[in-house]
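Chains as they are written, first to last, in this note's numbering: chain L, 1 to 242; chain C, 1 to 206.
Calculated directly from the structure, the hints in this document are not laboratory data. Predicted, not measured: the structure shown is a model, and the values here were computed from it. Quick reminder that beta carbons are idealized off the backbone N, C-alpha and C, glycines included. Heads up, a few of these hints could be off.
To be verified - Per label pair, the in silico range of CB-to-CB distance:
(1) LEU58(L) <-> ALA160(C): 15 to 25 Å
(2) LYS9(C) <-> ASP22(L): 15 to 25 Å
(3) GLY126(C) <-> SER37(L): 13 to 23 Å
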Amino acid sequence: MTKPGEYYQRDRMWHPPAYDKDYKTSVTRSPQYSLISLQNSISEITGPTFGHNDVDPLDNDLIKNYAQPGQSPIGERIIVHGRVLDENGRPVPNTLVEVWQANAGGRYRHKKDTYLAPIDPNFGGCGRTITDENGYYFFRTVKPGAYPWRNWVNDWRPAHIHLSIFGHAFAQRLITQMYFEGDPLIATCPIVNTIRDKAAIGQLIAALDKNATIPLDSIAYKFDIVLRGRRSTMFENRLEGN
Amino acid sequence: MTQSLDYLKETASQTAGPYVHIGLAPGAAGFDIYRQELGWDIAGPNARGERIRVEGIVIDGTGSPVKDVLLEAWQANADGIYAHPEGGGEVEEGFRGWGRVITDFATGEWAFDTVKPGRTRGRNVGTQAPHINLWIVARGINIGLNTRLYFEDEAEANAADPVLNLIEWERRRATLIAKRTERDGQTVYRFDIRLQGEEETVFFDI
Ligand SMILES: [Fe+3]
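Only chain L is shown next, with the shape it has when bound in the complex (with noise of 0.2 Å):
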């Protein structure tokens, strides 16, 4: 009889370190003392679940989730689906996935962006979904555009969609982004650049996906995301013990 055990291991060497000098505003904001290792206890196999009263049904379509009526945001019109799976390739139902991005000039809808590019008013920015039994998730969306920051004096974000996943524990929490295809700025972002592994860094570029795409109408890009796997103990680790 197996009973599923605690989540593997983090590999911190595949996600990006807490300090990197070329990422400035890490400098200040990594610890220097290393992790604590813990093992699984019942607060980090457990964690928030969500359900279709937390949701609506439009919150994954940010063509229309803050457009006026008969009007829709300026831009690429794009389907971003995928899976969520875990590391066994096993789908990660009913999970909630939140999104956030730029609108299609590069800015955001944030009292602290202050960016030249126009707000659009058709455009909020944020979309949330459940994933279904499959682990499928999809929203609708334009694509974001390329902005600049204050890093390196001239330091410009490739396109990305801001990504938060639950999965079915707290130990599976993640906030990561998503790029597109063919994109020249990834190669030389220090924030893409914070993760050494370029096998890691490909991971999080998505496909542009046409059969996905909904002809005369919009191009779809395939991202899926991978979450933490869960031990099947074999032995007993004790971890339902007490």
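With chain L held as given, fit chain C with the ligand onto it using these hints.
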């Protein structure tokens, strides 16, 4: 050549950036879009136990407040049960145990209202002292930071807590203990988080 293991790799983390509020707390970014934002009520109206406020500030390596941070709290109810299928039992109607908190953009102060959690089941034997699990993201934080808040007035339980006891440097354990005060008849726990420096908060690889 050996066989290859067919595991997938976890998607790498990236910073939440300065505009995390748009996605997770759009009201704070300055606009109203959802019927309801998530994470504003941790305990709900029916929760048993002591109502408390938790407040603090996140301080960077220069000693300055971090004003654009977002924290998430995850905790058990007063009976030590998490609102989760593996949480150890049933919780009160409306008790979620999860909350989202943002700092005041001007001062960096944050606060949330909840109930004090009870002792939870230990990993192997015994129990864990009452604690709130915290996850911190912000611009400049490349991967969310996990820490735990324990309560000053639980000295006996804290002394026996398996996680606190795992911290070899005993004086660093104090960084995880929230200070209890009373204000206008309400219990307030103060928990300042230091990202760097002499009194750097203990963070966990969970
Ligand atoms: Fe961004």
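Hints numbered earlier in the text: which of these fail when held up against the supplied structure? 1
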